[in-house]
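Note that UniProt numbering numbers the sequence shown so that position 220 is 220, with each residue one more than the last.
Be aware that one or more of the hints could be misleading.
[As the list claims (entries may be wrong)] With a Cα cut of at most 20 Å, we get these calculated PhoX-like pairs of lysine-lysine:
id	residue 1	residue 2
1	K215	K245
2	K359	K50
3	K112	K172
4	K224	K237
5	K50	K386
6	K50	K385
Calculated directly from the structure, the hints in this document are not laboratory data.
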Amino acid sequence: MYNYYTNATEIVPDDDGLEKVKSRFFFFMASPPVTGGDLVLVEHARELIKAGVDARILFFPNESFGHLHSDFPPEIPINLLNDELILTPSDFIIVGESQGPVYRDMRHWMDKEIHTLPKFIVFNQAVHWTAYSFKNRQEFNSLHFAGLLCASPFVKKYLEQVLGFELNKVFKAVHVVCPATEIPQHILALPSSEQRSNLAKPPKCTISFIHNLRKRADEINTLKFMFLSLYPEYADKVEFIAIHKKTHEQTLEIMRNSDIFIASGYMDSHNLPAIEAMACGCHVLGYTGLSMPVDYFNANNGWWFIQEGQFQTNIQLLKQAIDLYFDQSSQGRSLRKHLLTQAQETVQTLFSPQSENTKIVPAYLDIWEKTVAPYYATDVVFASKKKGGFKK
1 MYNYYTNATE
11 IVPDDDGLEK
21 VKSRFFFFMA
31 SPPVTGGDLV
41 LVEHARELIK
51 AGVDARILFF
61 PNESFGHLHS
71 DFPPEIPINL
81 LNDELILTPS
91 DFIIVGESQG
101 PVYRDMRHWM
111 DKEIHTLPKF
121 IVFNQAVHWT
131 AYSFKNRQEF
141 NSLHFAGLLC
151 ASPFVKKYLE
161 QVLGFELNKV
171 FKAVHVVCPA
181 TEIPQHILAL
191 PSSEQRSNLA
201 KPPKCTISFI
211 HNLRKRADEI
221 NTLKFMFLSL
231 YPEYADKVEF
241 IAIHKKTHEQ
251 TLEIMRNSDI
261 FIASGYMDSH
271 NLPAIEAMAC
281 GCHVLGYTGL
291 SMPVDYFNAN
301 NGWWFIQEGQ
311 FQTNIQLLKQ
321 AIDLYFDQSS
331 QGRSLRKHLL
341 TQAQETVQTL
351 FSPQSENTKI
361 VPAYLDIWEK
371 TVAPYYATDV
381 VFASKKKGGF
391 KK
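Produce the entire structure from the sequences given, and follow the hints as far as they go.
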């Protein structure tokens, strides 16, 4: 059920007993949060709320999704985008890269840098969709936004080097804020691939992959077919598992029970499945899904397909990964252990909750300090856990 919220702002006491207004952070959605990107927005809202920030969902109902009320998380307040909602200069609207109608209909708030207007934060999670929202780079580079949040280092690199966006001109602050990858302890308690591989007689090599029609499903299924056709003697040594219509927890459990994960990324901005498979202890091979090279997907932490459609080359890489799983030599075990260790260290360094790349609240605070604080610091606060009231 919707948790409809007051359109008013929250007034809280400061340390001197004076009243201050809390900035409001509205996460724009045109549908309930049912996709991966939507769920990341929800997680940002949750983290801000825990820090004492006034974070809300700003919902603009439409004919397709207007009745899916139960899909909204009940703990996050919701405001409807309508004439009754009055936005102030200390308010922020967080908008995805693909929300073209927002950039069109609210353009008058983006054309000029005026501190008396509401502030916009672009949260770019699917960088290849950015082109749908703007006519060209010249149009984009003429706009003004409070901040940019990039869901991965790749997103920032792509925006600058491919799309030609002048980020430091358009945005007051730019941050990389990746989804934090943390595997539940009860899943990590399951036997690891390294433990299975080190047995005197390793069990079948389990190979999993995401079956998603948008993510090379035909190619990966053909890869499986071709491998078993060329090497029928491996039929009793391997088991392929297509991950399809599973919950997130079920997916992680399958990854933990897998020895090899075939990454089927396509036009990605982050490739979370590959990162989660690394964290679960899989030997990851396949496509990064990124249209530019990045240093954090490399030969030390995964075996990556260079070019799509190269079945013979990719099949050989898969065969080598399977053979390495069964290799009982000290050299083979050392090589596989190094690969799995490097993969997990990559996740820990760049994508764990402890990584600077995943810190949510500091990124929003920096944007607030650069856009609201210089003009309204005497009257407005970023966050407060003190009990207050609401006033229009």
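Hint check:
1. K215 x K245: Holds: K215 and K245 sit about 14 Å apart, inside 20 Å.
2. K359 x K50: Within the cut-off at roughly 13 Å; holds.
3. K112 x K172: 13 Å, holds
4. K224 x K237: 14 Å, holds
5. K50 x K386: 12 Å, holds
6. K50 x K385: 9 Å, holds
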